[in-house]
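Chains as they are written, first to last, in our numbering: chain A, 1 to 179; chain B, 1 to 113.
Everything labelled a hint here was simulated from the structure, so no lab data went into it.
Positions of the beta carbon are idealized from the N, C-alpha and C atoms, including for glycine.
Be careful, since some hints might not be right.
Said to hold, decoys possible - Taking lysine to aspartate or glutamate pairs in the EDC-like style, the calculated list, with each CA pair at most 20 Å apart, reads: (1) A/K17 - A/D126; (2) B/K10 - A/E176; (3) B/K10 - A/E163; (4) B/K10 - A/E175; (5) B/K4 - A/E163; (6) B/K4 - A/E96; (7) A/K164 - B/D85.
Claimed, not checked - Footprint (simulated), chain A over chain B, 3 or more residues, beta carbon under 8 Å: (8) 33–40; (9) 64–74; (10) 95–103.
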Amino acid sequence: MNDFAILLDRYRGYVCKIVSGLLPSDLVSDLAHEVFVEAYRSLPQYDTRKAFKNWLAGIALRHCRSYWRQHYRNREIPLSALGDEHHHWVEAVIAEDASALHENAESRHEARDILEHLLAALSPKDRMVLTLVHLDGYTVKEAAEMLGWSVINVKVRAYRSREKIRKQIAALLAEEKRA
Amino acid sequence: MTDKNHPVNKVEQALIQAHRTRPQVETDADWTRRVMTRVQRERHPGRPAATPDLILRLVWRFAAAACTFAFVLVFFALQTGLEPDPLALHMFISDPLILQTLYLFVYVSGATL
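Excised from the complex, chain B in its bound form:
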């Protein structure tokens, strides 16, 4: 198979040629700026990150604690025989501010209670 006119060799060489003449990916000034911004942030970890990153970091930082708290709350509710639906309804009706707001929405929408 050392014969360069062998079909396998011909196809192999053509594929190598195609690989070497592939279009090159160019990086522009904007790409460089983005890399340098990331690097700058790595250099000054105390500097506030971009807002979405900051939010994500906060969410993940408290995610475990929030899940544990929710689990404990559910466990507590099941143990004490708490009935959340009637309780929430009672709180809703007994709070005059929420009721007034509800009346306002009904008035604005033109519906009747």
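The shape of chain A in the complex, shown without the other chains:
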């Protein structure tokens, strides 16, 4: 029991970091809670030849995927749904107006809104791969181990999902030009 408390203390930050990249922040602590409870239940099935960290990440990712399966509706939200403040943020990025970027909480908030808007159009699998590889910066091999998928599968999915996002960014910029 004390051993599990040590594991919990050691890996709670890691699990929260993975989950917070994939889910709305108000759900993170509850989902991390469920991840550790499931990890405890599944400990007898843990293969000690594999890294514990990746095994735990796999459980966390399964929970996140399950959440997005329930909430994903293949919704393509029109870019016009974004507000003026979001368009100002895009303008500031293009103009490299450093003072308008990352300097204040509002600016970061707008950036996250835009990112959430773009990610909403991706399937749960694409969303997870893109978040792990391109946003969080894990290597394809690390992401594959966490997800329990083949390296090729992750590589292809990461490439395709990035292309989808880039197309959406291009559409956003085209709309900026028209406005």
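Based on these hints, arrange chain B on the given structure of chain A.
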């Protein structure tokens, strides 16, 4: 599109930066305690669960049986031509205790029968 000054690349990099600088969700001692309590319960399944959980478990355990019983009862009532309303009224009036209680309520409320 490999040019880092391309607008798409600029926006993409800014979004990645925003994602990486997002506020981290911190878990406190209370969160750890709650997880350990759940784990403890998993470890000792015989130990009584918290009251709401126990009630819910009991409700769901007997739900199927209760539904079946209700269904059989309705079927029986329909088959035998039982008329529940007059029967209930008869039981109500013929039971002196219920009638006395009813009089007491009327007396307390100040109304008249």
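What hints, given by number in increasing order, does this structure fail?
Hints 7, 9, 10 contradicted; others consistent.
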